[in-house]
Amino acid sequence: MFSPGGSPRTNCQLLYEHIQELTSNDLRKRKTAAERSMIRLGITFNVYGEEQGTERIIPFDILPRIIQGEQWSWMSKGLKQRIIALNMFIDDIYNEQKILKDGIIPEHVVKSASSFRPQCVGMKPPNGIWCHITGTDLVRDSDGEFYVLEDNLRCPSGVSYVLQNRQLMKQTFPGLFEAQFVRPVDDYCSQLLDALNSLAPDHIEKPVVAVLSPGIYNSAYFEHSFLAQQMGVDLVEGRDLVVRDRRVYARTTKGLMAVDVIYRRIDDDFIDPHVFRKDSMLGVPGIIDAYRAGNVALANAPGTGIADDKVIYAYVPDMIKYYLSEDAILPNVPTYVCWDDAQRDHVIKNIADMVVKPANESGGYGMLIGPRSSKEEHQKFVELIKANPRNYIAQPTLALSRAPVIIDDHLEGRHVDLRPFIIYGRDIYVLPGGLTRVALRKGSLVVNSSQGGGSKDTWVV
Amino acid sequence: MLSRVADSIYWTSRYIERAEAVARFIAVNLNISMDLSTAGNQQWMPLVTTTGDDEKFSEIYGEASKRNVIEFLTFDRNNPNSILSCLINARENARSIRERISAEMWEHINRFYLMVKDVGDAEGILDDLPDFYEAVRNSGQQFSGVTDATMTHGEGWHFCQLGRFLERADKMSRILDVKYYILLPSPQHVGSAFDDLQWGALLRSASAYEMYRQRFGRIVPQNVVDFIMLDKEFPRAVLHCLTRANESLHAITGSDIEGFTNLPEQRLGQLRAEFAFTSATDIIARGLHEFIDDFQKRLNLVGESIGTTFFSLQAA
Numbered sequence: 122m123f124s125p126g127g128s129p130r131t132n133c134q135l136l137y138e139h140i141q142e143l144t145s146n147d148l149r150k151r152k153t154a155a156e157r158s159m160i161r162l163g164i165t166f167n168v169y170g171e172e173q174g175t176e177r178i179i180p181f182d183i184l185p186r187i188i189q190g191e192q193w194s195w196m197s198k199g200l201k202q203r204i205i206a207l208n209m210f211i212d213d214i215y216n217e218q219k220i221l222k223d224g225i226i227p228e229h230v231v232k233s234a235s236s237f238r239p240q241c242v243g244m245k246p247p248n249g250i251w252c253h254i255t256g257t258d259l260v261r262d263s264d265g266e267f268y269v270l271e272d273n274l275r276c277p278s279g280v281s282y283v284l285q286n287r288q289l290m291k292q293t294f295p296g297l298f299e300a301q302f303v304r305p306v307d308d309y310c311s312q313l314l315d316a317l318n319s320l321a322p323d324h325i326e327k328p329v330v331a332v333l334s335p336g337i338y339n340s341a342y343f344e345h346s347f348l349a350q351q352m353g354v355d356l357v358e359g360r361d362l363v364v365r366d367r368r369v370y371a372r373t374t375k376g377l378m379a380v381d382v383i384y385r386r387i388d389d390d391f392i393d394p395h396v397f398r399k400d401s402m403l404g405v406p407g408i409i410d411a412y413r414a415g416n417v418a419l420a421n422a423p424g425t426g427i428a429d430d431k432v433i434y435a436y437v438p439d440m441i442k443y444y445l446s447e448d449a450i451l452p453n454v455p456t457y458v459c460w461d462d463a464q465r466d467h468v469i470k471n472i473a474d475m476v477v478k479p480a481n482e483s484g485g486y487g488m489l490i491g492p493r494s495s496k497e498e499h500q501k502f503v504e505l506i507k508a509n510p511r512n513y514i515a516q517p518t519l520a521l522s523r524a525p526v527i528i529d530d531h532l533e534g535r536h537v538d539l540r541p542f543i544i545y546g547r548d549i550y551v552l553p554g555g556l557t558r559v560a561l562r563k564g565s566l567v568v569n570s571s572q573g574g575g576s577k578d579t580w581v582v
Numbered sequence: 043m044l045s046r047v048a049d050s051i052y053w054t055s056r057y058i059e060r061a062e063a064v065a066r067f068i069a070v071n072l073n074i075s076m077d078l079s080t081a082g083n084q085q086w087m088p089l090v091t092t093t094g095d096d097e098k099f100s101e102i103y104g105e106a107s108k109r110n111v112i113e114f115l116t117f118d119r120n121n122p123n124s125i126l127s128c129l130i131n132a133r134e135n136a137r138s139i140r141e142r143i144s145a146e147m148w149e150h151i152n153r154f155y156l157m158v159k160d161v162g163d164a165e166g167i168l169d170d171l172p173d174f175y176e177a178v179r180n181s182g183q184q185f186s187g188v189t190d191a192t193m194t195h196g197e198g199w200h201f202c203q204l205g206r207f208l209e210r211a212d213k214m215s216r217i218l219d220v221k222y223y224i225l226l227p228s229p230q231h232v233g234s235a236f237d238d239l240q241w242g243a244l245l246r247s248a249s250a251y252e253m254y255r256q257r258f259g260r261i262v263p264q265n266v267v268d269f270i271m272l273d274k275e276f277p278r279a280v281l282h283c284l285t286r287a288n289e290s291l292h293a294i295t296g297s298d299i300e301g302f303t304n305l306p307e308q309r310l311g312q313l314r315a316e317f318a319f320t321s322a323t324d325i326i327a328r329g330l331h332e333f334i335d336d337f338q339k340r341l342n343l344v345g346e347s348i349g350t351t352f353f354s355l356q357a358a
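First to last, the sequence lines map onto chains W and F. Residue numbers for the first sequence follow the working numbering, so the first one is 122 and each next one is one higher. Residue numbers for the second sequence follow the working numbering, so the first one is 43 and each next one is one higher.
Since the hints were derived computationally from the structure, they do not count as laboratory data. There's no promise every hint is true.
[As the list claims (entries may be wrong)] Facing chain W, a subset of chain F residues (Cβ under 7 Å, in silico):
id: 1; residue: M43
id: 2; residue: S138
id: 3; residue: R140
id: 4; residue: F352
[Said to hold, decoys possible] Covered stretches of chain F (in silico footprint by chain W; criterion: 3 or more residues with CB under 8 Å from a CB of chain W, positions within the stretch not fixed):
id: 5; region: 150-159
id: 6; region: 309-323
Predicted model, so just to flag it, every value in this text is computed and none were measured. Where a beta carbon is used, it is the ideal one built from N, C-alpha and C, also for glycine.
Take these sequences, add in the hints, and give me the full structure.
Structure below.
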C-alpha cells in the first residue's frame, strides 16, 4: 500500500484518505462486524486435530491489498504462459516423455516423485488439458518483483474466500467501490462452470456436472459446498456415486442418474480404491476405469500432482523454454534441489539462511525457516536432507513484502502472499486479484490458514 | 435429487420442528406449574416420559426436579432429543446440503443454533425461561416461513414438508399426552375453573388457543381432543399434518393421491384415512393415551419406510 518512502502509492490514495477519516474505533467496529458476519454465514474451515467438527473463521483483515492494473496484466500474462507450459509438461510426461528423452529434466526426478502416477501413463484427457484449475502462490520481494513460490495443481483451495471477502468488503466500504474501479471477481463461478461443461463429450447437450468432496469434515468443505451452490450443481460424496458398465452414476430418490463431468476435490490417492489406495473409503470404485473409457471427465485430471512436486517446480522455467521457446515472464524463487550433490552441499553449508521445504507437503507443514530456527533444528534438517535428498528443496529467505493490517486499534505491517486462480477450459481465465494471505503473527512468514494465517481482499484497480 | 440430499433435507426440517416442539412441551408445563406451585405438586417427570427418553434421564440425573428436566430437555448434548442436540443435528444436516437449500435457510439455522448455544453457555438461564422458549418457537416458525418463501416448491421442498408434518403430527399428539399424564381427568375437576386453566395452557403452547375458541367457544376436554387431533383446517392438528404429509409424499413420487405405489404411501394413506373417519368420542372411548401410543408406533413405521424407500444408498 505504501511506497518505500512511506507515502501511499498512487492507486491507494483514495483508500488511504478514506481510512484516515475513520477513527480507530470505527475501523475496529467494521472489522468486528465483518468477522461476525462470517460466523453468521458459516464461512468457516475445519481444524484438524481438534474436536471433530471444530470450525473457525479465517481471520479477515478489512484493509484491501491493491495491485495496479498494468502490473496485473503482466502477472496475468505470466500465469497464462506458465499454465500452458505446465499442461504441456504433464501431457508429455504421461505420454511421449520427450522432455525426459531430451535431457531437460532428469528422468529419475520425475519417476521418483511421490505424486507421479504410473497408472496415468497413456491417458489423454479431453482437449489435452490436465490441469483445469490452478492456484499459483506468488510472493513479492523487497525489490518489488513478484516471484512464483509454488504451483498448486491438484485441489487448490481458497477461491471461495476471495469471493466471500469481496462480498464482505462491499458491505464494509460501500462508498469506496462506487468511487474506485475495482475489477470484479464475481464471474469466477460462471467461468468455472463453462470450463467444466466444455469437458463433456460433444454429443451431450446438457452435461450433468458435480463437485466431488470428501465430506463435511474436510478442511475445505465450505469451499466445495460454496462452489457447487454458486454453479447450481450437485455436491456429491463418494458414497453417492456408483460405477456401472464404466459409466458413473449418482444415487437419487428416483434411481441412478448419469454424471458427465466431475470437479473432484479428493486427492488422487483416495479417488479410486481399485487403482490407487485400496483402503480409501472416500472415493468411487471404478471411476478411473470410467474416466479412461472417456465416459466421465475429471477436473483436475488424475496425475496433475506431478507438477506440484517442489523439485519439479525448480524446472518450470526450463519447461517454458522447452515447450514454448519463450523466457518465463514470472520468475521462480531461486531454488536449490538437494538431489544434486553440488547444490545440496551449498544448502547444507548455508542452512541458517535458507528456507527448506519437503517436496510434497502442503499447508506449511514440515518446513525449516533457517534464520528463525535453532542450531538443533538446522542439524535436524541437515540429517533429513542427507537421508532423503530427493525430498528437499531450499530457497534463500526472501524479504517478503508486507501489508498494513489492523491489529487492535492501529495498523501494523504483516507479511503477505498472493494466490491467483487460473481456469483452463476452452480459454484461460485468470481471476483478477486472488487470495491475499496474511501472516498474522508479528514477524512470521507463514501465511497458511492451518497455521493461523488470515486473509485480505485483493483489488486490481 | 440425490438420496443423501433428500435424507438430509427431510431430517433438517424434522429436527427444527422437533426443537420447536420440545420448547412447546416445556412451555405447557411451565404454564401449568405456575398455577400448581402453591399446591406444591409440580410434576416434571411426565414431561420426560412423554418424550420417551426417561431411561436416559434417570441414568444421568436421577431426580426429576424442574432444573434437571429443563437442563436435560433443553441443553444436554447427551440427550439426542434436547433442543440443542436437535439444532446441532439440523445444522450438521443443513451444512451438508448448503448447495441445495437457499442461503436464507442455512443462515437462519446457523443463527438459531448459535442463539441456543449461547444461552446454554450463559449462566442464570432459569430466570428468563419463558422468553427463551418463545424465541425457540419463533425461530422454528420462521424457518418454515423462510423455507416456503425461498426454496423452489419442488422435490426438495416436499421432503422438507414431509419431515415437518410427520414430526409435528407426532409431537402434537405428545403434547396432548402431557395433559393425560399430568392431570388424569378426575370427576370433580372436569369443567372446573382449574381444568379450564389447564386445557387453556395446553392450547396456548400448541398455538391453538384462539383458533380453538373460534371453533368451539367453551373449553371442553372432548372438544380439545377433537381440535388437536382431528381438525381438517387447523395447521397444527394431527389430521391436517397427515393430510399435508400425504400430499407431499405423492408429489414426490408423482402418483395418484387416491392410491399407493410404495410402502410409505400405503402406510400413511391408511393412517390418514382412519383419522379422517374417527371422532373424539371414539378416541376417548378407546382411551386417549392408548390411542396416542398406537398412533405414534404407526407413525414410526411410516418414517422407517420413507427411509428405506428414498434414502437408502443401497437402493437402486
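How does the region 309-323 of chain F fare against chain W when you require at least three residues with a CB closer than 8 Å, holds or violated? violated (count 0)
Can you verify the interface hint for F352(F): is its Cβ closer than 7 Å to any Cβ in chain W? Hint holds; F352(F) Cβ to chain W Cβ min 5 Å, cut 7 Å.
Checking hints one by one. Is R140(F) an interface residue toward chain W, by the C-beta closer than 7 Å rule? Since the shortest Cβ distance to chain W is 5 Å, the answer is holds.
Chain W contact restraint for M43(F) - C-beta distance below 7 Å: holds, 5 Å
According to a criterion of three or more residues whose C-beta lies within less than 8 Å of a C-beta of chain W, is the region 150-159 of chain F covered? Holds: 3 residues of the region 150-159 of chain F have a Cβ under 8 Å from chain W.
Next item in the hint list is S138(F). Is there a CB on chain W closer than 7 Å to its CB? OK, holds: S138(F) within 7 Å of chain W, min 5 Å.
The structure is inconsistent with hint 6 alone, although it conforms to all the rest.
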